[in-house]
Amino acid sequence: MVQVNTRSDDPRTGHTLTEPAAGQLRDLVAHVHEKRAELREEWVRRITEARLLTVMSEAEILTEATSVYDHYVEALETGAVETLQLYVRDLSERIIPRGVETDEVVGIVLLLTDVITRSLFTKYQDDLLLLRRILDTYEPTANKIAITVAVGFVKERERAIREQQEAIRELSTPVLQVRDRLLILPISGIIDPQRARQLTEQLLRGIRTSRAKVVVIDITGVAAMDSQVANHLVQTVEASRLLGATVIVTGLSPEIAQTLVRIGVDLAKMTTVGDLQGGIEKAERFLGYRVVPFTEPPMEANTR
Amino acid sequence: MEVSILKQGPYLIVTIPAALNDTDLLELRDSLVARVGESRSRAVIIDVSALDVMDSFSSRTLRDIAHIIRLRGAGTVIVGIQPEVAFAMVQLGLTLEGITTALDLEEGLAYLDRDPFEVGKEIRSRGR
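Protein sequences, first through last, are from chains V and P. Following numbering that gives the first Met the number 0, the numbering of the first sequence begins with 0 at its first residue and continues without gaps. Following numbering that gives the first Met the number 0, the numbering of the second sequence begins with 0 at its first residue and continues without gaps.
Calculated from the structure, these hints are not laboratory results. Virtual Cβ for every residue (Gly too), placed ideally from N, Cα, C. Errors might be hidden in some of the hints.
Examples of chain V residues lying across from chain P (beta carbon under 7 Å, computed) [as the list claims (entries may be wrong)]:
(1) Leu203
(2) Arg204
(3) Arg207
(4) Gln234
(5) Glu237
(6) Ala238
(7) Leu241
(8) Leu242
(9) Gly243
Ranges between beta-carbon positions, derived for each pair [unchecked claim]:
(10) Asp63/P with Ser226/V: 30 to 40 Å
(11) Asp274/V with Ala18/P: 45 to 55 Å
(12) Arg113/P with Val177/V: 17 to 27 Å
Given the sequences, and given the hints that come with them, work out the whole structure.
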């Protein structure tokens, strides 16, 4: 019933199971199967003792520990880590948002390895030669499992971080049309060269697709920018002009204004207005709009 | 390569093809400058939307054309610069300063119809 390890010649671990080793693997798997309840409880006790997974309740730890244990045994038995990988990805997805750290995950897996090793010592303490052979079989697989779990967790975390970065980037660069031929680009947060480039690309494309004549770039939400990004801003203004659009920059903070003066920007190339409201008003005048307030309708009209 | 210069009312319209070498461009400059006087045009629209790249030579030649035409008493509007080309040009410092640009031919014509005598002056007046 025990499958002979089909992935035993995995180049990463470089260990190949020979026939006698297969027998030891059978013994090993039988042992961890038999002692399942005992070893699992010991493991959970050690986890609590080491104050790992403090964000999870005892019951949760026991549930997760049981399925990790079963996947662990399966991986030990077959030497294949694919199922384990899938399980780790799924588990990480659940526990990462709750704030479980990498060192906790690695610590837990190493604890399980330790728990099993100790039980093997207890079982084979009278036959040191057999113990050594069993450990020879166990060690590489256990290492492989530990690496799989740790790498899976870290990968999942990196993926989550990447997704968030992507989302922030997407969210933070809207090019908005407020009137026919008038675009607004509100920028907030930190602008690094990569984001600056992306903003420019989006803006220039936006100018073409919405046939904009005026663009208001509002940088009220940008606290500071280095001279490289400031230069980029000036270049964006000039590139927009080449597409036939006028750019009005609004909301320059004193620091950014100083940076722009320090890099020696040609003020004739850039139209700046104090705040977004002023910028939109100027743009509207430029486009020939006149915004007039509604006058209160006469009383007679109201009573009808 | 012969580039055709179209006459449209008081304007001349030229579309620069994608494959135009430096010599062709200089020839275009000469014939364009001559045609402006012959047909008593008020302005020239140069459409560069076919160009995926704009090197410093073409950029400088376009600027020269605009300046020469200005001295001949007409204006120039450059239309159809691609977004990628625009940013690449700016990074190389080729900003076509003092020259009117518009999104495309339609915009260029609309601009001229609105403001036929302001062509080329917009930067200076805006800077004041």
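Verification of the supplied hints:
1. Leu203: Hint on leucine 203/V: holds, closest Cβ of chain P at ~3 Å, below 7 Å.
2. Arg204: 6 Å, holds
3. Arg207: 6 Å, holds
4. Gln234: 4 Å, holds
5. Glu237: 5 Å, holds
6. Ala238: Result: holds, 4 Å to nearest chain P Cβ.
7. Leu241: Because about 4 Å separates leucine 241/V from the closest Cβ in chain P, which is inside the 7 Å limit, the hint holds.
8. Leu242: 6 Å, holds
9. Gly243: 4 Å, holds
10. Asp63/P with Ser226/V: 30 to 40 Å: 32 Å, holds
11. Asp274/V with Ala18/P: 45 to 55 Å: 48 Å, holds
12. Arg113/P with Val177/V: 17 to 27 Å: 22 Å, holds
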